[in-house]
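A.B. asks: Dock chains W and F against chain R, hints included.
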Amino acid sequence: MSGASAVPATAAPAAASAPPTADRWYPLRRLAEALLAPLLALVAAAALFSVFLLFLGQSPLEFVELVWRGAFGSWFSIQNTVQRAAPLLLTALCVALPGQLGLVIIGGEAAVVLGGLMATVAALPLVNTGPWVVVPVMAIAGAAMGAFWIGISGWLRAKLNVNETIASLVLAYIGLALFNHFVEGVLRDPASLNKPSTYGIGEQNMLDLVPWLEIHPGLPVGILACVAAWILIYRTSLGFASRVTGGNLRAAMLQGLPVTRLILLACALGGACAGLAGAIQVAAEFGRANASLNAGYGYTGILIAFLARFNPLAILPMALLLGGLDAAGGLLQRRMDLPDATILVLQGMIFVMILASDTLYGRIRWFQPRGGA
Amino acid sequence: MPSDPRSFPMMSRRALVQGGAALAATAGLGGTAQAAKDTVIGFIYVGPKDDYGYNQAHAEAAAMMKKMPGLKIVEEERVPETDAVSKTMESMIKLDGATLLFPTSFGYFDPYMLKMAAKYNDIQFRHCGGLWQKDKNPMNTGSYFGYIGMGQYLNGIAAGHTTKSKKIAFVAAKPIPQVLINVNSFALGAKSVDPSIVTSVIFTGEWSMPVKEAEATNSLIDQGNDVITCHVDGPKVIMETAERRGIHACGYHVNQAKLAPKAYLTGAEWNWITVYKSFVTDMKEGKPIPNFTRGGLAEGFVKMSPYGPGLSEAGRKNVDAVKAEMMKGGYAVFKGPLKDNKGNVVVPAGKALAETAIELESTNYLIEGVNGSIG
Amino acid sequence: MSDSLATVLLAMLAGSLRVSTPFLFVSIGECLTEKSGRINLGNEGVLVLGAMVAYATSYETGSPWIGVLAAAFAGLLLGALHGAVCSLARVNDVAMGIAIMLAGTGIAFFFGKPYIQPSAPLLPGIPFGWWSGSSQVQNALLVCPLFLLGIAAAIGLHWCFNATRVGLRIRIVGDSQDAALALGLPIDRIRFLATACGSALAGIGGAFLSLYYPGSWNEGLSSGQGLMAVALVVFARWNPIYCIYASLLFGAAGALGPSLQTVGITWGYYLFYAAPYIVTLVVLIITARGGRSLAGMPGQLSIGR
Numbered sequence: 011m012s013g014a015s016a017v018p019a020t021a022a023p024a025a026a027s028a029p030p031t032a033d034r035w036y037p038l039r040r041l042a043e044a045l046l047a048p049l050l051a052l053v054a055a056a057a058l059f060s061v062f063l064l065f066l067g068q069s070p071l072e073f074v075e076l077v078w079r080g081a082f083g084s085w086f087s088i089q090n091t092v093q094r095a096a097p098l099l100l101t102a103l104c105v106a107l108p109g110q111l112g113l114v115i116i117g118g119e120a121a122v123v124l125g126g127l128m129a130t131v132a133a134l135p136l137v138n139t140g141p142w143v144v145v146p147v148m149a150i151a152g153a154a155m156g157a158f159w160i161g162i163s164g165w166l167r168a169k170l171n172v173n174e175t176i177a178s179l180v181l182a183y184i185g186l187a188l189f190n191h192f193v194e195g196v197l198r199d200p201a202s203l204n205k206p207s208t209y210g211i212g213e214q215n216m217l218d219l220v221p222w223l224e225i226h227p228g229l230p231v232g233i234l235a236c237v238a239a240w241i242l243i244y245r246t247s248l249g250f251a252s253r254v255t256g257g258n259l260r261a262a263m264l265q266g267l268p269v270t271r272l273i274l275l276a277c278a279l280g281g282a283c284a285g286l287a288g289a290i291q292v293a294a295e296f297g298r299a300n301a302s303l304n305a306g307y308g309y310t311g312i313l314i315a316f317l318a319r320f321n322p323l324a325i326l327p328m329a330l331l332l333g334g335l336d337a338a339g340g341l342l343q344r345r346m347d348l349p350d351a352t353i354l355v356l357q358g359m360i361f362v363m364i365l366a367s368d369t370l371y372g373r374i375r376w377f378q379p380r381g382g383a
Numbered sequence: 002m003p004s005d006p007r008s009f010p011m012m013s014r015r016a017l018v019q020g021g022a023a024l025a026a027t028a029g030l031g032g033t034a035q036a037a038k039d040t041v042i043g044f045i046y047v048g049p050k051d052d053y054g055y056n057q058a059h060a061e062a063a064a065m066m067k068k069m070p071g072l073k074i075v076e077e078e079r080v081p082e083t084d085a086v087s088k089t090m091e092s093m094i095k096l097d098g099a100t101l102l103f104p105t106s107f108g109y110f111d112p113y114m115l116k117m118a119a120k121y122n123d124i125q126f127r128h129c130g131g132l133w134q135k136d137k138n139p140m141n142t143g144s145y146f147g148y149i150g151m152g153q154y155l156n157g158i159a160a161g162h163t164t165k166s167k168k169i170a171f172v173a174a175k176p177i178p179q180v181l182i183n184v185n186s187f188a189l190g191a192k193s194v195d196p197s198i199v200t201s202v203i204f205t206g207e208w209s210m211p212v213k214e215a216e217a218t219n220s221l222i223d224q225g226n227d228v229i230t231c232h233v234d235g236p237k238v239i240m241e242t243a244e245r246r247g248i249h250a251c252g253y254h255v256n257q258a259k260l261a262p263k264a265y266l267t268g269a270e271w272n273w274i275t276v277y278k279s280f281v282t283d284m285k286e287g288k289p290i291p292n293f294t295r296g297g298l299a300e301g302f303v304k305m306s307p308y309g310p311g312l313s314e315a316g317r318k319n320v321d322a323v324k325a326e327m328m329k330g331g332y333a334v335f336k337g338p339l340k341d342n343k344g345n346v347v348v349p350a351g352k353a354l355a356e357t358a359i360e361l362e363s364t365n366y367l368i369e370g371v372n373g374s375i376g
Numbered sequence: 412m413s414d415s416l417a418t419v420l421l422a423m424l425a426g427s428l429r430v431s432t433p434f435l436f437v438s439i440g441e442c443l444t445e446k447s448g449r450i451n452l453g454n455e456g457v458l459v460l461g462a463m464v465a466y467a468t469s470y471e472t473g474s475p476w477i478g479v480l481a482a483a484f485a486g487l488l489l490g491a492l493h494g495a496v497c498s499l500a501r502v503n504d505v506a507m508g509i510a511i512m513l514a515g516t517g518i519a520f521f522f523g524k525p526y527i528q529p530s531a532p533l534l535p536g537i538p539f540g541w542w543s544g545s546s547q548v549q550n551a552l553l554v555c556p557l558f559l560l561g562i563a564a565a566i567g568l569h570w571c572f573n574a575t576r577v578g579l580r581i582r583i584v585g586d587s588q589d590a591a592l593a594l595g596l597p598i599d600r601i602r603f604l605a606t607a608c609g610s611a612l613a614g615i616g617g618a619f620l621s622l623y624y625p626g627s628w629n630e631g632l633s634s635g636q637g638l639m640a641v642a643l644v645v646f647a648r649w650n651p652i653y654c655i656y657a658s659l660l661f662g663a664a665g666a667l668g669p670s671l672q673t674v675g676i677t678w679g680y681y682l683f684y685a686a687p688y689i690v691t692l693v694v695l696i697i698t699a700r701g702g703r704s705l706a707g708m709p710g711q712l713s714i715g716r
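Chains R, W and F are the protein sequences, given in the same order.
Under our numbering, the first residue of the first sequence carries the number 11, and numbering increases by one thereafter.
Under our numbering, the first residue of the second sequence carries the number 2, and numbering increases by one thereafter.
Under our numbering, the first residue of the third sequence carries the number 412, and numbering increases by one thereafter.
Extracted from the complex, chain R is given alone in its bound form (with noise of 0.2 Å):
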């Protein structure tokens, strides 16, 4: 491959989005393409996978079913996969929105602890206030620290040439241990003996699961800010910007455009995603701070957001995936006595098959632009 093909992906479509002439369907061939492709390799790795089932003397077709009962074949296994996937959301904005300038951000996971560690702290003198002053206090407060935290990689980035990619994972691992030493240090509540944790946001503050449907409130959260960025990427001309930027950044900066400030409001938001993550789980789920937050949300994320291929509408339907897949998980261990590492095989297939279909791009004639030249 060659450098400029290591832009991701998404610049490829964009880049070809103005066609020389009239072709009225091509906008829904390109839809076509971009859903076959994934598709192709989900059926690919499906294959590859069923293969080293059958290695293993299972059933692939067990397995299929497992999968298919222990992530989307009831209501509970639903609620079951939205669960997981709702914190993946924003963490995978956090990935795809510095990727939409070619930025590969890989430290989300520090952005939701320390997020959710922040909006603990902002909500500890409030308690008293009720849950509509505690909650978007929370909310800003966690958003505001992954601003920060990822903003710092990105402000590297711009001003001192320090690639982004290194720097967000040595920070990722700096801002682990600045959270453990707050938790299990000042902010540790004397009475949270054998699991060190914050003192508590108070029962009555906790965001409670979406109403009828007993759903985790993280995820309209997360499909909104999904939608919204999808919008501000594709729908504005700041958006427009940054795609440029990520398409070609000499000449973007050629053409004038504000590279520096645009890094840095991309690393920014992304944190501010993955920041609010870790506000609603303390939120919704933990009621204080302390170790379950970092569960890996952040590194999942890196995944999603590149089977989106950073696109934030595509986001939805891969978080479902990934969530899926960890929901049946332990279906599988249990029915089929495999162990937890299964899942994990499976995800770097699909993510492998994925990624290699990337290739297909383009080479098939029906879909590109016709007419003209």
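Certain hints may be false.
To be clear about the criterion: a stretch of chain W counts as covered by chain F if any three or more of its residues have a C-beta under 8 Å from a C-beta of chain F, and this derived list gives those stretches [unchecked claim]: (1) 49 to 55; (2) 204 to 212; (3) 217 to 228; (4) 238 to 246.
Just so you know, these hints were derived from the structure itself, not from any lab.
All residues carry an ideal CB built from backbone N, CA and C; glycine is no exception.
C.D. replies: Using the frame of chain R, we list chains W and F on its own:
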């Protein structure tokens, strides 16, 4: 978990095929209609089942229960302490028909298990390590734990008889009460042999981080410590490092003698099968399962590993004698006057805290003679 | 006090010799791959897989050295997969690396379950401290042959880059696609081979973890060493010799946390444990050149645009 790797199901293709076929037969008939009214019991572990430590101690008991008639055991490993565990419990209840659940990690208790217990009030939940309170927690929940500090006290006696440098060491995960009781008990055991013995502790900050544990162990050995024990989830690396560096070690969680044949003195092991068996017997006889269960050596919740070759005859006799006292019940390791390592009196003169003392479950100090701090 | 200082310094020396080897192997492997113009974050997965394969092979055959070879071979295969897929047009190598990391870890955990319990024969250490009466010094200077092999490999690689045709070709492919095309070099093949060989080195790093230090196989064995090695390459300026220094420094910083606790400094141990990362970040910032590419950075590297 059998220690022979060959008997692990994954390596035996034939067993897998048979197992798979049997499962397919039941699974095909729709989840909840399980075979012939077996009592379904669910075990949930926070780490891998075969960590040579905390999770393995439970999984070994679960494996023994699998062989008992009329029981069906379902297990899930590596379940994080988030709402994921609520869903795992719910899934075991709804899809497997579990009626008794054992979430074995401390962080599962509040809020996850309590929430699930309120939602499914005909299902029994028993949690390992939590502090069940009658006026606060639902009656279909409960907690069980063992006074393994007693075992660490005996480890300390063995260490006290073995150390030549009068310096012994403890690799600990986090400064929480359950860990601090063990550190203090180990140090007191050694001091009962020779009051001049100093115990050094290093906190790794993580329940399972082998490279850090190995670094801590090496650091401690370099400092001249010549007997080591630990409280982390998987002590494997610590035992192996002690063996390689030619010092002695006391085990924790399960019997690690195989990992360190020369170094191993003895070890404090969980014996969870005692607890699980008694719960199941109660359940079968229609009696209520107790809500608050604690026990030590005398009750068979905890046991000691057989002595290794490194422990002297005098040491064995001393450990045996104290153990015999403990088996009578009511033995107190923490006897006043006792100071912490900052000089504050933590147990006043004339007072003795037996293993059952509730104060101990909120220990937040290291006793005099321990190098280290919890801040 | 000076006694404590000596203790901490000795512990850091010992730590740097003990802990640095996996970083060294992964970073020179990554260096080779990146010099050809490709990045491989998958070396974290290669490291874990290498550790498992080495341990399992050593247990099955009774020979740790066969285990090391098997780990290198496993790394070679996983690297070849990365190299092959990335040579397809439009495939993003950073993302693919994360996929390889996931796949490698998954496969290692899956097939590694039966090898957690047994004890495999380990690699012997070479006692360079025989002259000293102090057991600390003796232990600090008990050096794994793999460490020496890693230093030899780094020096060899440095020589290869600077003095051989193969090295020159790799650098051209990595620095300028246009130049490589003009010279008619087989770009894809060179990158494929560089990626596969780089991962083979990373696999040996994994073998060190399971067969020497800490010297056993379990699922928590790697705590991101493979990922951090990618950072070390940046800070080593894509120079294999500097990779040695970077790895030693990182190892020494890692020993700071536990050794400070043994001399009684117990406050803030989480922060001391984070010392290696803080050092890395500081070095990255100090050596950064605002607005310009880094000296030594391959021009075609996707992370360097």
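A.B. asks: Determine for every hint whether it applies to the structure shown.
C.D. replies: Going down the list of hints, with the structure as the test:
1. 49 to 55: holds (count 4)
2. 204 to 212: This one holds; 7 residues, not fewer than the three required, reach chain F with a Cβ under 8 Å.
3. 217 to 228: Our answer is that it holds, as 7 residues pass the Cβ test (under 8 Å) against chain F, meeting three.
4. 238 to 246: That given contact holds, which follows from 5 residues of the segment 238 to 246 of chain W lying within Cβ reach (below 8 Å) of chain F.
When each numbered hint is compared with the structure, no violation occurs for any of them.
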